[in-house]
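Going down the list, the sequences are from chains A and B.
Quick note: the first sequence uses this note's numbering, first residue 578, plus one each step.
Quick note: the second sequence uses this note's numbering, first residue 12, plus one each step.
Because the hints were derived from the structure by calculation, they are not lab data.
Every residue, glycine too, gets a C-beta built ideally from N, C-alpha and C.
There's no promise every hint is true.
What the hints assert, rightly or not - Here are some chain A residues pointing at chain B (derived, C-beta under 10 Å):
1) Glu1114
2) His1301
3) Tyr1399
Unchecked claim - In the BS3-like style, the derived pairs of lysine-lysine whose C-alpha atoms are separated by at most 27 Å in a straight line are:
4) B:Lys221 with A:Lys1125
5) A:Lys939 with A:Lys1296
6) A:Lys1578 with A:Lys1457
7) B:Lys84 with A:Lys1296
8) A:Lys1580 with A:Lys1746
9) A:Lys1578 with A:Lys1449
10) B:Lys216 with B:Lys84
11) A:Lys1296 with B:Lys66
12) B:Lys216 with A:Lys1125
13) A:Lys1746 with A:Lys1614
14) A:Lys1296 with A:Lys1125
15) A:Lys1442 with A:Lys1418
16) B:Lys66 with B:Lys84
17) A:Lys1125 with B:Lys84
18) A:Lys1700 with A:Lys1578
Spelled out, the chains give:
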Amino acid sequence: MKCRHFAFRSLLVPAAFALLCPAMVFAQPAPILETRAAPWQQVSATRVFSVFPEREEYSTLDRVGRLVLAVETGGGGVKLSDLAVEWRLARGAETIAEQRTPISEGLIDVSLDLRPLTPGRYDLAARLMKGAEVLVEKSAFFRLSEEPLPPQRGRVPVILPRGVPVAGWPIQFGVPFPKGALWSERNIRMVRADGTPVPCGVTVRSRWGHRPESSVRWLGVDFQPEAAGAWWPDRREVKYYLEFGPEVAPAAAPRPKAVETPDGIEVDAGALRFLVRRQGFNLLDNVRLNGAPVLTSTPRHGLYLVDHEGATYRAANDRAVALCIEEQTDLRVVLRAEGWYVKDGSAGETLSHSLPTDKLCKFVTRIEAHAGKPWVRVLTTWILTYDSFTVRLRDVGFSLPAPGVSRAAFGVEGAPPIVQPVGPDGLYLIQHLHNAFAVENGQGQPLARGAHSAGWVAADTALGWLTLGHRETWQRFPKELEVLPDELRLHIWPAHGRLHPEINDTARDQLHRLWFAHQGRELTLTCPWRYYFAAAEYYDDPSTSSYKAAGHAIAAVHAAAMGIGVTSDCLIQFAPAGAEEREARVAAAFQSYPHALAAPQWTCDSLALGWQHPYDPERFAGAEEIISAGMRAYWATQDAGGIYGMWLYRPWHHSAYFGNGVWDLYRLYNGSHHYEAVMPWLFYARSGDPFYLTQGMANLRELTDIQITHYSDPNYRHKDYVSHQRRLVGSMQHDDCIAPWGGDHAILGHVTCYNGPIMAHYLTGDLRAREVLVEEWQRTLVADRANREYVTADLSPTVFIQNPRNNSSSIGEILDLYQLTYDARLLALLAPRLDIYLSPKCMGADWGYPLHNLLLFHGSSVARKALLDGVKEFAATGGKTISPENPWRPLHSLIESFALAGILQPEASYALDAFHANDLNYWRHWVWRVGDLEPRIPLCPFPDTAIYLPRAMGALARSVHRDTALAFGDFQEMPRITGRPLRCIVREDADREFAVHLVGKVKQPFPLQVFGPDNTLLLERQVPAGWQSPFTVTVPKDGKTGQYVLFIGAGQPDVLFAPVTELPEVYVTAYWTGNNNGQRFFTRPTGGTPEIIQVQPHRGGGAILSADLSRTLVSTDSGEIIKAEIGPEGAWVYNKTCYIGSPTPLILSRGPARWFAPDADKLDLQMKK
Amino acid sequence: MFDTCCVRETQDQAWRIRIVGVLPRGPGLFAMVFDQEGRRVLAAEIPFGTHTEAKPFTLTVPADGAAQEYVIKLVGQQDNFTGIRLPITDLPFEVYRGRYFAIGYPTAPGQLRRVAFKLAPGMKFAAQGHGGGFRILDDRGEVVADSVKDGPKERGALFEPALQPGVTYWIDPPAIVYLGTRDPLCLTFDPDRWFAPSGKLDIDKLRWWKGLGQ
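Isolated chain B, as found in the complex (with noise of 0.2 Å):
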C-alpha cells in the first residue's frame, strides 16, 4: 500500500492511469496527478469495484509539451489500495514514494509479495517494520541483511544496514509489514521502471488538497 506514485515520461505523450484489480469498498479512490510544476494535471474519481485486464478504470493525462515527471497522489481506504494490481500507469518509469508502506501482501495463496529499491547518491537506508520484521535481499536473492537479526533490539530504534546507492535491492517481508523509513524511499515491483525522482516537486510541501472543495 501506498499513496504517492511517481512516475516519469522519457517524452512527452498522452500517458493513461490504468486501474485493474478489485477495489471492494465504496466510494473507490480519489486520484490526483500533479506535473513537476506543482500543477494539478487530472483530479478524478476512481470508482470501487471490479476492474479487468479486459476493461480497466482509465484516466488519461494529455500530451503537455515536456517530457516530464508527475507525480500521482491517491486518497482512499486501505483495503482499496491493495486491490489494486501494480503497476497503474502506461509510463516506463514507476516508483512508490513515502516513510510509510504496508508491504507483503501476498499476491497469490502462500506467496508473499517482494518489492525493490534502490538508493539515490547519498541516501542512507534506515527504517522499522511495525507489525514484523524483514529481510534485504540483494538482486541474486541472497540475504544482505535481516532487521530481525542485525536490527537493533530496543523499540522505536531504526535498522540501518550498509547498503550501496544504486544497486537493486528487495525488501523480503516474512507477513504484512508496516515499514517506516526515516527518509522517502521509491519502491517498485519492476526493477526496470526503478527511478530516482527528480525532487522537483517534492509532494509533501504542496498543499495537494487544495481547490477540490468546490
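Only chain A is shown next, with the shape it has when bound in the complex (with noise of 0.2 Å):
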C-alpha cells in the first residue's frame, strides 16, 4: 500500500488494551480517537476477514464513526498471534489515516473523529497480514454528508396516558431525541405546562453513536408528577414538558443514597432508610421509616423455595451473591442482586440440575427505591435451572418479616378490601384460577371467595402497615398472599397450591390452558403423555411431525424447562398505623401502572423508532381501525380462551381460536414467529394508547421469562423432541410446541423478535428486558458462538431463494441491538451476514426491519439502489419479473418495500402503492370477524402487514400524494357487480368544482360516466388497468347544484373503494360484491316512514346493524334471507360474504352524513352506451 504523502507507518497496538492514537501529522487532524482490540471467537472453518464501517453514510450529526476489523483465521495452522491488519483510510489520494496492528484477539475496533473530516466520500483499504505476507485485501467505504443541526432547544410534551392516580407516583419512561439535538443528559428539565420546574432523573438508554461524543437516543427519564387524568382518549391536555438546551439544568432533586458498606448497601430514599445484605440476602433489612424501624430480618427471610422432598432452598443462604448499584439517577435507585437458592444446611457448593443437589434455581431481583416514598419496588426474576422430568417444587415465593399481625386486608378488584383478623395459624388468599380466589385460615377453613384478587395485602403489624402488591396476579394464577402473625409472603407458587378435578384438562376446550402446570399441590412443568393421545384424538392424526398438531403435543410432553424464568413485578409499602386507607390507594396505584410518553408526533419526528407516523385516524381512518382493532381482537380471542395463567399470559400465535373456547393446537404459542411482539410497543409509542402498555407489559413477561432461555447446563443433555435442541442462553422459543417454553428456538432468524423487549426498555426502563437482550442474547451472539448449539439456532447464514427471511430478519434485530449496546463485535457478527442479504435475490424486505434498519442507521447504498430497481420493475410489470441479478426479492409484505420506496422517493407512487400491497380492505374485514370472535382465522399473518401500516402511512404523509390519504378511507370497497355499472349518486349543495377519486386496483379497464344534475353526460374516462392511487376526474364548477350521477363500470375483481368524492354519496343496487372483504353500508327508508330491508348474503354470514352499531339486528352465518324493521334511524347492512342481494335496490352510504334519498329521475338515468 502506498501512501502518495507519506509512507505507510506502523502503529502496533498492544492487545486487549485502549490505545490513544498518538499525534500523527496528517493534512488535517488525526481522526482516529481510539483503536482497541476485542476478543473475536474463531469458529469458522474458513478464513474471513470483515472490514467493515460501522455505517455507509455518515452525516455531521455523527460526529464519531467506527471501523471494525475482524478475522476468523479458518485454522489450517494460522495463528491469530501472527496476524496483523493494516488499513489506510484516504480521501481521494488523500491519506486521512493509516494503522498497522496485531489483530491478536481477532478483532480490531477502530474509533474515528469525523468532525475534523470534510464531507465526501471516504475509502477503507485494508490487509491481513502474515508478517510480510499479504493473505487478505478488502476494501470498503463510507461517506459523510453535511447535515444542519435540528433545534438545539425545545419542549417535549410528556403525556400521561392512564393518568396518575395517586400525586407523586413515581413514573419512569423513555423520550427519544432526534439525533443531533442533545449532547449531554445534564442538559434537561421537567417542568409543568406552566413552566414551574420539577425534580427529575435522567439516564441515557441508548446514543446515536457508540461513544459519548454521540448525541442522546433514548434518555430514560424519573419524575413524580401530580395526580392527573387520563390523557388518552381525548389527547389533549399535556401536563408536563420536558425542556432541553445548552443552558438547560434540571431541578434540585432530593437524590436517593447508596452507599456500600460491609454488609451490603444501605440505601437512604428519604422517608426510608434500609439495608440490602450481600450475605444472608434477605431482600430487606433494618427498614426505617421516618427513622422509625418497621422491619427487621433475619436469614430465614427473603427469596425461598421448596422442592418435592421437602427441602428448603434460601437466597439468604447463598454466600457469593453478587450485589451491585445497577442504575441511579436524581429520583432512583435500583440494586440488583444476583444469586442461588441454596439449600438450608448445606454448603452450596454442589449443583445438579436433579436432586440432591445444594443449589436449585437462580434469582435475579432488583430493588428500586424512589425519593421520598415509603416504597420499593422489588423486581425479582427466578430462573429455574433443574430438570422439570425429575423435581418438582412445593412452594416458590419470598417472605417478609412482620412482627405481631393482628388484621390483614387483602385487596378486591372492583369490590372493598377483604379484611380478617390474623390468628396463630394466619390466613392467605390463594387465586386458584384466573377468576376464582379464596380466602381462607390455616386450618385451610374458608373466609371469603371471590373472583379477582387486587394483587395485595395489608397487614397491621406491631410495627405498622406493611403492605406487599403483586401485578397481574389473577391474570398469573395461581398465586397467594399469605400472613402468619409474624410474616407476609407472596407465594408465586402456591404453598397451598388445589387440584381442580372438575376441570377435564384435555377437554378440546381445556387442553391449550396446561392445566398440568397450573393447578395442584406441586408446581410440575412435565406435560402428561394424555396431551399427546388427546391432540391426535382431536386431529385424528397422531403424526409426529412439526407441522401437525399433535407433533406440538408430543414436543410438550418432552420439553424441558430448564431455563425459563418468572419475573415478579412487587411494590412493598410501609406505613404508620392509621395509614390503611392510603395503603389501599398506593397499592391500587401499583396496579395500573402509572406511565408516561413523549407525545407521539414527537417520538416519530425524532426517528429514534424509525421512520413511523403517529396516531392519525384524522387522515388513515381504515388504517388506524385495522391496528386498534385488529390488536384488541387478538387479546378477545386469547380471553374467549381463557388462556390466562403464569405459564401463558398473553404470548402469540401463529394459529387460530377455533370458536368455543377452542383454540388450534398447531403452532399455539409462539415467542414472536412474525415479529408480534413488536406490535404493542410501537403502537403504543405512536399513539399512546394505554391498552397497549398493558398488552405489550404483559407479553414483556411472557416472552422475557418463558420464551427465551436463560439458563443452560452444560451437563443436561436433553434434546427437545423436534429440533433436537439443547439449551441455549438468549434463545428464543419458536412455536412447534403447546408449552411455550418448548419446541424449537433460535437466537437469529425469523422466528425472533428481540425489537420487541428493546423497545419495552426505551420506553420503560424495564432493565430485566435490556439484561435478558444484552447479558443473554448478545453474549450468546458474540461470545458463545463456539457452543455447539449455536450452529442450529443461528439461522440467519440459511437462504432459500424467494425466503431469505431468516437472514433478512437477523440483519433488522443485529442493527437494532447494536443500537442498544454499540458492541464492536455485533458489527464482525453482521459484516458477513450482510454480504448474504446484499446477494441476487436474497434481499428479503419485510421479515422484520431489516431493510428499513439498513437504509436508516447504515445507508447502504446497494440496498437502496436494489430496492428502488425492485419496486419500479415490479410496478412495471405487475410482479412478473424482478431482475434475476437484483438482490430485492418481493416477498409477504410489499407494504413495507413500497413503504420505504416511498419514503426515499415521495415524488413516486410507492407510497401510494405501499397501501395497495397488502389489501387493507381484506385487513379491515379480518379485525372485526377475529374480533367477533368468529373462529378459524389465523392470527400469524396480521403483523405482516400492521407493523408495516405506521411506516405505509408516515410515506404517504410525506409524499407528493399526502393530500391523497384521505381517499382510502377506511378501506372499504364499493358495491359493484360485474356487467353492471354501479349507479354511484353525489349531491352537491352549492355550486362547486368537485374531484371523483376512484382507488383501488383495476383489473380491466372500464368507463366512468358522470351526469349533471340536468341528467346530461357531462364527462366521460376510460379507467385503465392497474393500481390507481387515485384516478382523479375533476367535475368543474358548473353553475348548477343538485344531484350528479356516476356511473362506475367496475367489475367484481376490480377493488375500488368508496367513498369517492368528499360530497354526500350514495350507491344505488339491489346486487353487489364485496369479495369476502367485508362491507358495512349504512341505508336508511327513503320516506321517513319505518321500512323492512330484507337482504340475502350468498351462502355466507351477513347481519343488519343498528345505526350505532351497537346491537346487530338480525344475522345469518349461512346465507339465510334477513329482513329488519328499520326506522328513520337507519341501519347497516353487514355484507361479510361475496355476494349479497335485495328484491329492491337499496340506497347505500358509507354513515349517515352522506346518506340522502335521491330523486326519482336520478335512479332512471342510463349509462350512455
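Using the hints, build the complex out of the two chains.
As C-alpha cells, this is what we get:
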C-alpha cells in the first residue's frame, strides 16, 4: 500500500488495551480517537476477514464513526498471534489515517473522529498480514454528508396516557431525541405546563453513536407527577414538558443515597432507609420509616423455594450473591442482586440439575427505591435450573418479617378489601383460577371467596402497616398472598395449591390451557402423555411431525423447562398505623401501572423508532382501525379461550381461535414468529393508547421470562423433541410446541423478535428486559459462538431463494441490538450476513425490519438501489419479473418495500402503492371477524401488515401524494357487480368543482361517466387497469347544484374504495359483491317511515346492524334471507360474504352523514352506450 | 429404531415387556399393546433413565385365554428408542415391523448392527437408503446385493434385488442408514425369533391413539 503523502507507518496496538492514537501529522487533524482490541471467537472453518465501517452514510451530526476489522483464521495452522492488519483511510488520493496493528484477539475496533473531516467519500483499504505476506485484501467506504443541526433547544410534550391516580407517583419512561438534538443528559429539565420546574432523574439508554460524543437517542426519565386524569382517549391535555437545551439544567432533586458497606448496600431514599445484605441476602433489612424501625429481617426471610422432597432453599443461604447499584438517577436507585437458592444446612457447593443438590434455581432481584417514597419496588426473577422431568416444587416465594400482625386486608378488584383478623395459624388468599380466589385460615377453612384478587395484602403489624403488592395476580394464577402472625409471604407458586378435578384438562376447550402446570399441590412442568393422545384424537392424526398439532403436543410432553424464568413485579409499602386507606390507594395505583410517554408526534419525528407515523385517525381512519381493532381482537380471542396463567399470559399465536373456547393446537403459542412482539410497543409509542402498554407489559414477561432461555447446564443432555436442540441461553422459542417453553428455538432468524423487548426497554426503562437482551442474547451472539448449540440456533446464514427471511430478519435484529449496546463485535457478526443479504435474490425486505434499519442506520447504497430498482420493475411488470441480479425480492409484506421506497422517493407513487400492496380492505374485515370471535382465522398474518402500516402512513404523509390519504378512507370496497355499472349519486348543495377519486386495483379497464343535475353527460373517461392511487377526474364548477350521477363500470375483480367524492354520496344497487372482504353500508327508508329491509348474503354470513353499530338486529351465518324493520334512524347492511342481494334496489352510503334520498329521475337515468 | 414390534405367543400366557437400556431423555417412552383383534391390552409409560439387566423396567400383559399375536406400539423420542436393548419381550417370536427404520446403530465401538429379515411368500423387497447405501448378505455372510453397486442411480428410486421368500437375509449398513421400504418389512436381530405376522391386525389402520387422552 503506497501513500502519496507519506510512507505507511506502523502503529502497534497492544492487544486488549485501548490506545489513544498518538498525534500523527496529517494534512488535517488525526481522526483516530481510539483503537481497541476485542476478543472474537474463532469458529469458522474457513478464513473470514471483515472490514466494516459501521455505516456507509455518516452525517456531520454523527461526530464519530467506527471501523471494525475482524478475522477468523479458519484454522490451517494460522495463528491469530501471527497476524496483523494494515488499513488506510483515504479521501481521493489523500491519506487520512492509517495503521498497522496486531489482531491477536481477532477484532480491532477503531473509533474515528468525524468532526475534522470534510464531507465526501472516504475509502478504506485493509490487508490481513502474516508478517510481510498479504493474506487477504479488502476495501470498503463510507460517505460523510453535511446535515444541519436540528433545534438545539425545545420542549418535549410529556403525556400521561392513563393518568396518575396518586400524587407524586414515581414514573419512569423513555424520551427519544432526534440525532444531534441533545448532547448531554444533564441539559434537560421537567416542567409543568406553566413552566414550573419539577425534579426529574435521567439516564441515557441509547445514543446515536457508540461514544459519549454522540448525541442522545433514548433518554430514560424519572419524575413524580401530580395526580392527573388520563390523556387517552381525548389526547388533549399535556401537563408536563421536558425542556432541553445547552443552557437548561435540571431542578434540584432529593437524590436517594446508596452506599456500599461491609454488610451490603445501605439506601437512604428520604422517607425510607434500608439495608440490602450481600451475605444473607433477604431482600430488605433494617428498614426505617422516617427514622422508626419498621422491618428487621433474619436469614429465614427473603426469597425461598421448597422442592418436592420438602427441602428448603433460600437466597439468604448463598454466600456469593452479586450485589451492585445497577442504576441511579436523581430520583431513583436500583440495586441488583444475583445468586442461587441454596439448601438449608448445606455448604452451597454442589450443583446438579436433579436432586440432591445444594443449589436449586437462580434469582435476579432488583430493589428499586424512589426519592421520598415509603415503598420499594421489587422485581425478582426466579430462573429454573433443574430437570423438570425429575424435580418438582412445593412452594416458591419470598417472605417479609411482620411482627405482631393482628389483622390483614386483601385487596379485591372492584370490591372493598377483605379484612380479617389473623390468628395463630395465619390466613391466606389463594388465586387458584384466573376467575376465582379463596381466603382461608391456616387450617384451610374458607373465610371468603371472589373472582379477582387486586394483587395486594396489607398487614397491621406491631410496627405499622406492611403492604405487599404483586402485579397481574389473577392473570398469572396460581398465586398466593399469605399472612402469618409474624410474616408476610408472596407465593409465586402457592404453598396451598389446589387441584381442580372438575376440570377435564385435556378436553378440547381446555387442553391449550396447560392445566398440568397451573394447578395442584406441586409445580410440575412435565406435560402428561395424554395431552399428546388427546391432540391426536382431536385432529385424528397422531403424526409427530413439526407441522402437525399432535407433533406440537408430543413436543410439549418432551419439553424441558430448564432455563425459563418467572419475573414477579412487586411493591412493598411501609406506613405508620392509621394509614390503611392511603396504603390501599397506593397499592391500587401500583396495579394500574401509571406511565408517561413523549408525545407521539415527537417520538415519530425523532426517528428513534425509525420511520413511523403517529396515530392519525383523522387522515388514516382505515389503517388506524386495522391496528386498533386488530390488537384488541387478538386480546379478545385469548380471553375467549381462557388463556391465563403464570406460564401463558399474553403470548402470541400462529394459528386460530376455533370458537367455543377451543384453540388450534398447531403452533399454538409462539415467541414471535411474525414479529408480533414489536406490535404493542410500536403502537403504544406512536399513539399513547394505554391498552398497548397493558398488552406489551404482559407479553414482555411471557416473552422474556418463558420464551427465552436464561440458563443452560452443560451436563444436561436433554434435547427438544422436534428440533433436537439443547438449551441455549438467550435463544427465543419458536412455536412447534404447545408449551411455550418448548419446541425449536433460535438466536437469529425469522422466528425471533428481540426488537420488542428493545422497544420495551426504551419506553419503560425495564432493566430485566435489557438484561435478557444484553447479558443473555448478545452474550451468546458474540461470545458463545463456539457453543455447538449455536449453529442450530443461528438461522441467519440460511437463505432459500425467494425465502431469505432468516437472514433478512437477522439483519434488522442485529442493527437494533447494535444501537442499544454498540458492541463492536455485533458488526463483525453482521458483516458476513450482510454480504448474503445483498446478494442476488437474497434481500428480503419485509420480515422484521432489515431493510428499514439498513437504510436508515447504515445507509447502504446497494440496498437502496436494489429496492428502488426492484419496486420500479415490480410496478412496471405487475410483479411478474424481477431482475435475477437484483438482491431485492418481493416477499410476503410488500407494504414495507413500497413504504420504504415511498420515503426514499416521495415524488413517486410508491407511497400510494404501499396501501394497495397488502389488501388493506381484507385486513379491515379481518379485524372485525377476529374481534367477533369468528372461528378459524389464523392470527399470524396480521403483523405482516400491521407493523408496517405506520411506516406506510408516514410515507404517504411525506409524499407529494399526501392529500390523497383521505381517499383511502377506511378501505371499504364500493359495491359493484360485473357487467352492471354502479350507480353512484352525489349531491352538490353549492356550486363548486369537485373531484372523483377512484382508489384501488383495476383488473380490466372500464368506463366512468358523470351526468350533471340536468342528466346530461358531463364527462366520460376510461379507467385504466392497474393500481389507481387515485385515478381522478374533476367535475368543474358548472353553475348548477343538485344531484350528479356517476356510472362506475368496475367489475367484481376490481377493488375500489368508497366513497369516491367528498360530497354526500349514495350507491343504488340490489345486488353487489364485496369479494368476502366485508362491507358495511348504511341505509334508511326513503319515505321517512319505517320500512322492512330484506337482504340475503350468498351462502355466507351477513347482518343488519343498528344505526349506532351497537346491536345486531338480525343475522345469518349461512345465507338465509334476513329482514328487519328500520326506522328513520337507519341501519347498516353488513355483508361478510362474496355477494349479497335485495329484492329491490337499496340506497346505500358510507354513513348516515353521507346518505340522502336520490331524486326519482336519477334512479331512471341510464348509462350512455 | 422402530416404533412397532410384533410378537407371537406359542401358548396363552402372561408375558412381559422387559426394558433394558438407557433412555436418556425425559419423559421416556409410551408403550401400547394390542391383541390381534385390535383391543388395547396395555398402555403405560416407560420412564427414562437407566434400566439394567439386573433391574429392568417391566410391564406385564396378562394371559387372556388365547395364544395369539400382539402388536407393541411405542411412542417417543428417537434417542430413547436407540437406547433400548432388543428383544424387549420374553416371547419366542418378536419382529420389528414398519416401512421406515433407522438401522446401523453401533452396539460397541467400531461395530455396526446388522438386522435380519425374511420375505413372506409373495412379497418383494423394495427399499431405499437415506443417508447411505447398504448391502444384503445371506445367512453365511455372502453379499447377495449391494444398493450402491447394484441399485438405481436415480434419486428416489427403489432398490429391488431379487430375494427369495423364506430365506434369511441380513442388511449390512456401513453407517447409520434410514431405510425406507415400499411394503412393511419385519426385521429381527435373531432369525430364530423372526416370524411373519398374520396380518390380522394392521396397526396402520388402527386408530391406536384413541382413548388415551383423558
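Hint by hint, here is what the structure shows:
1. Glu1114: holds (5 Å)
2. His1301: This interface hint holds because 8 Å falls under the 10 Å limit.
3. Tyr1399: violated (41 Å)
4. B:Lys221 with A:Lys1125: holds (17 Å)
5. A:Lys939 with A:Lys1296: With Cα atoms ~22 Å apart, Lys939 (chain A) and Lys1296 (chain A) stay inside 27 Å; holds.
6. A:Lys1578 with A:Lys1457: Satisfied, since the Cα-Cα distance of roughly 16 Å is no more than 27 Å.
7. B:Lys84 with A:Lys1296: holds (22 Å)
8. A:Lys1580 with A:Lys1746: Judged against 27 Å, a Cα distance of about 21 Å means the pair holds.
9. A:Lys1578 with A:Lys1449: holds (17 Å)
10. B:Lys216 with B:Lys84: Distance ~13 Å between Lys216 (chain B) and Lys84 (chain B) Cα, so the pair holds.
11. A:Lys1296 with B:Lys66: The given pair, whose Cα atoms are some 26 Å apart, holds under the 27 Å limit.
12. B:Lys216 with A:Lys1125: Distance of about 19 Å is within 27 Å: holds.
13. A:Lys1746 with A:Lys1614: Satisfied, since the Cα-Cα distance of roughly 25 Å is no more than 27 Å.
14. A:Lys1296 with A:Lys1125: holds (19 Å)
15. A:Lys1442 with A:Lys1418: holds (14 Å)
16. B:Lys66 with B:Lys84: holds (23 Å)
17. A:Lys1125 with B:Lys84: With a Cα-Cα distance of about 20 Å, the restraint between Lys1125 (chain A) and Lys84 (chain B) holds, given a limit of 27 Å.
18. A:Lys1700 with A:Lys1578: Answer violated: Lys1700 (chain A) to Lys1578 (chain A) is near 33 Å, above 27 Å.
In summary, the numbered hints that this structure violates are 3 and 18.
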